[in-house]
Each structure stands twice: as structure tokens, then as C-alpha cells.
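Participant: These are the residues of each chain, in order.
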Amino acid sequence: MATGQATAASRAQRRRNRLRRAALYAFLTSMAVVWLFPLVWAVYTALRPFSDTQQRGYISLPGVLTLDNFINAWNQAQIPHAYFNTLIVAVPGVIVTLIVASMVAFAVSKFSWRFNLVVLLVFTAGNLLPQQVLIVPLFKLYVALSGIPEPLSDNGLLYDQYFGIILINIVFQMGFVTFVLSNYMKTLSKELTEAALVDGASVLRIWASVIMPLCRPAIAALATLEFTFIYNDFFWPLMLMSHGNRRPITAYLNNLQGQFFTDINLLTAGALLAAIPTILVFMALQRQFVSGLTLGSSKG
Amino acid sequence: MADRGSEPLAPALAGSAGGTGATAVGGRVRRRYSLLTRWDKIVLALMVGIPLLFDLALIWGPTVVSFLISFTNWNGIGSPFDAKVIGLANYDNLFTAYPFFWPALQHNIIWLCWLMFIATPFGMFMAVLLDRQLRGSTFYQTTFYMPVVLSLAVIGIIWKLQYAPEQGFINNLLGRTSNTNEIDWLGDPSLNLWAVLVATSWRHVGYIMVIYLAGLKAFDPSLREAAKVDGANERQIFFRVVFPAMMPINIVIVVITTIEALRAFDIAYIINRGKNGLELLSTLITNNGISESNRLGFASAIAVVLLMISLGPIIAFLVRMLREDQR
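Chain order of the listed sequences is A and B. The numbering used here runs 875 ahead of the 1-based position in the first sequence. The numbering used here runs 19 ahead of the 1-based position in the second sequence.
Among the clues, some could well be false.
Sample of chain B residues facing chain A (criterion: CB under 7 angstroms; computed from the structure) [what the hints assert, rightly or not]:
1. Val-67
2. Leu-169
3. Ile-177
4. Arg-282
5. Ser-301
6. Leu-325
7. Leu-337
The calculated DSSO-like cross-link candidates involving lysine-lysine, where the alpha carbons are at most 30 angstroms apart (straight line), are [what the hints assert, rightly or not]:
8. B:Lys-247 x B:Lys-236
9. A:Lys-1065 x B:Lys-236
10. B:Lys-60 x A:Lys-1061
11. A:Lys-1065 x B:Lys-60
12. B:Lys-236 x A:Lys-1061
Pairwise CB distance ranges (calculated) [stated by the list, open to error]:
13. B:Ser-241 x A:Phe-990: 39 to 49 angstroms
14. B:Arg-57 x A:Glu-1066: 22 to 32 angstroms
15. B:Asn-112 x A:Pro-1088: 49 to 59 angstroms
16. A:Leu-911 x B:Ile-334: 32 to 42 angstroms
17. A:Phe-990 x B:Arg-57: 18 to 28 angstroms
18. A:Glu-1025 x B:Leu-65: 17 to 27 angstroms
19. B:Asn-112 x A:Ala-898: 55 to 65 angstroms
20. A:Leu-1067 x B:Arg-339: 25 to 35 angstroms
21. B:Arg-342 x A:Phe-990: 17 to 27 angstroms
Derived from the structure by calculation, the hints contain no laboratory data. Backbone N, C-alpha and C define an ideal beta-carbon position, used for all residues, glycine too.
Let the sequences and hints guide you as you build the complete structure.
Facilitator: This is the structure:
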């Protein structure tokens, strides 16, 4: 009798658990549909010619599905050139940011030095400032400071130059990378540095051959994340470049919008072209991307 | 920068007092000699000094200059140091005469409250739901944080396709696309802020979810087990055990959310340049100081207001950093 009751109770319990599980799946699946919808809808609409959606309405089965919008956006709007601009800015931007920030992180986390914490605070806080707080004087500085030599600038200024955009990206992103890497380096055993110093290695050597190899996972994560950050940066080129044809793809969207305002399908195709590289990076390096985001928050 | 040549850049070798060569002076451990050569010290000084110089020149310098020129009527011509000092006139104008300041501040506050009380808790909730053995867990996670890799400019355009009056999905679904009954989600100043907040949340929820999920995964399972044995249900376990123990991450999340709300710019700019219902402190700064007029002193006064508000979360973050450092 007693055992019968117990099994009945546990059966009821199990049924309740199964129901709750089913509800959980139903909820998650419906949320996933909601989450995917805006992007799927954008892709769907971008595949339809404007005439098709005008004729049949936006919520309708397609008369034709073509890549024409993508091709037209590609050809009419200098999108290849905008990608090229992004590449010029993002590649040196990411590499120099990582090198410079890893040096700062190394110096402040491996050696005790009077201003060590102050330096770290200055870098971290600088990265947390809203960019708009400093844009007015920065803009004036970019316009006024002259004498930047030729290969870096063709007008002598920082304004309207790849170099200026690379520079501000590096300086702004440095804070975040320094913060994350210094936390990471603090977890590495201090005896490593000591042993290498006793063996007579120079600090530069220790940075390059001892510390950096050990930081490889963090560097990989940060490289992925920084690439997306710089790729997605809209603000600096918008404010610090006047020529639309020098703007990297994300900031170039602002020009695209003016050019394609009559055809939302075409505009969407352009925006999706801008999004594709980050989505590909994300698909390929998802783990690095996620661990980059969480490195910055779970530690320190 | 101070002369660092004479500073002993002693390596922080194992903080153990009493190690050879180390003497405790007033409770602090100082190495009496250094393993570093003069050259090493120079290299270290350069490693920190050069980036620091750039950080001061391009980030902190302009921030301080913003503060200074907010007391002048500088119009951008000539040196800011020749501009006339007008005391608090810019602030007075801002608070009492400029019609967009209070709406912009209000929009920033709404933005913050929306993220803090709706989007962020929802992201945490999703993290809690996904923090268990689930079939298809990777699929769900990928789906929810996929928008995090998109720029807010792209997001603005993608959502235009939802919100556009005649061509947008929502109005087509509701059958409200004719001139007489269409809803102008992004053009109507009483609606557009909310429409943009929904689009922003699409990204923000995933961002918070990733961060919180990582925290939950690192959470000691034995604590949870112990609570379960004591008869606590899932809700009790979360609110009484997990949430309090996750305080450090909760603080990071609050800081991130606040800063995101204060930085909001891209999506408002791509939609209508931050006007007509989408005024934000950030867009007022660029519209007054760069794009449309040359009221640099005035724009800087807005920047100072934004700076003062930002200092709250920044200081909260730094305090936490210092505490961690002492541990």
C-alpha cells in the first residue's frame, strides 16, 4: 500500500517534470523564432526585387527570388571599396591594439611599480567613457593638428585619414584589452617571470617568449572580439572623416542610406552585405567570441 | 610623467615576506635589489609610458578640454584659449532655454530604465533557463547571441524593415499601411523611442545572456545541491543562493547596462540622426558641436553633463576593480 502510494506520487512528480520540460522547450523555441525573425525577414526581403514586393505586398510569397539587390548594392555603392577601407583600418587596429595593450598589461601585472594601479585605472576608465564626451575637442584636434607625414596622411592632418581612425580605435580599445589581459596575466605564476629574470632574460624577451605564448587563448579571444568591435565601429569615421568613400563599411551605411532611401529592399541588401563578415567570423570563431566577452566580465 | 629612471621597478616576485632579499618595511614588502637591468627598466617605462601618453592625449585630454570649454563661448574658430569665458551661461542656457535638453535627458533615463528593468533581467532569465542540460542548447544560445555581433547601425536598418509605415512587416501584418491608418513607428515622436528600444534589446538581451551564462556555469554546483537537499525549489535556489553569490557579476552587468544606455548613439543616428523624439545627450553633442552648428562651448556643456552621469557607473566599476586587486 505504502509503496503503491510512493510510486503513484513519484509518477505524478515525473509527469509534472516532463510537462515543465515541454513548456521550457516550447518557450525557448518560440523565443528563438522571434529572435531569428528580423534577420530572416531581412534576408527574405533583400532577395526580392522592389517591383515584386510593390506588386504582391511585403507579406507574400515571392514572384521571384534573385540576388539582384545584393549585386546592385555591390556595384552601385562602392561596397567593395568600403570593405577595403574596413580592412585597412581593422587589421592594423587589432594587431597594434593587442601588442600595445599586452605590453602595458605585462608591465603593470608582472612588476610592482608605484603607479601601476593608477595606470590600470586610467586605461580602464578611459575605455568606459562615452565617446561623445570627448568628440568635440578630439574633432578640433584632428582638424587642427598638422604636419602628419605623407604615408600616414595625404592632407597633413589626422582628419579624414585612415591613420586617424586607426589611431583613435587603438587608443580607445587599448583600455579594454589592457584590463582583460592584466587580469589574465595575474593568474599566471609569478615564478615564471622570476626564473626567466634570474636566467638573465630581458623583459622584452620575457614578454615575447614567456608571457605571450601563455596568453594565447586570451589573445585569440580578444582578437576575435576586437575585430568585431572595430569592424562595427560607426562613430569615429562618421565624425572624423568627411569623405564617404574613405569610410569603413559600418560607417558607410550612413551614406548608403542616403543613396538607397527609395528602395528599402536594396538598402537592406547593403546592410546585410555589411553584416556578413561579422556573422562569418562569429560562426567560425564563436567560442573565441564568447570567451572574449566573458573574459572581460567574469574576471576582475 | 615623473622620472621613472630612479624608480625601482622591482618585480613583484611572490608576495611572500621573508623571502631572500626582501625586507618588510612598515608591513610592505620591498626588494632590496632588483633583477632588472637599467635597460629593462627603460623598456618597461616605454611599454607603459608611450600608450599612456596617447591615452592621455586622445582620451583624457579632450575630456578635460571639453570641461574647460564648456565655460566659454568658443565657436571653433581660433584657439579655445582665446575664447571668451562666460561662466555658467552655457549651462544656464542648456537647463532653461534649450528645448531639447530635458527631453534628451529623459530619453536617456528611459533608455537606461528599459535596459535595466526589462532587457537585462530578460537576458539573465534566458541565461538561467539555458543553464541546464538541454537538447539543442547550442542552437538556442547561438540564436540569442547572434545579434550581438551586428553593429547597431545594421540593426537599425534591419528593424526599419519591421517598422516602416508602408513596407514594414508590422504594419503589413496589422493591415495598417494606407495613408489614413498607418502607424509611423519610427516617425511618430511618441512611439519611436519605444520602437528603437525594442530593436536595441534584440542585441542587449543576448549580450547579457552570454555574460550571465558564463557566470552561472562557473557557479559551484554543490551549493545548489545543498539547497536542493534542504527542500528549496528552483526559484528559491536562484534568488536565495545563486543570485547573492553572483554579486560580482551582477555588478558588472549593472555597469555594462548603464554604460550602454549612456553611450546609445548609433541606432538613433541611423534612424533619424537623433531627432524628433529620439534626442539623446550623445546626439545633441554631435549635432551642436560638429554636424550642424559650431556651438562648441555649448556642446561641451552637454558633454560635461553626460560625463558627470557616466562617472557613477565608471567609479562603481573601478571600486570593484580595486577591491578585487586587494584580494
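Participant: To test your reading of the hints: which numbers does this structure violate?
Facilitator: none
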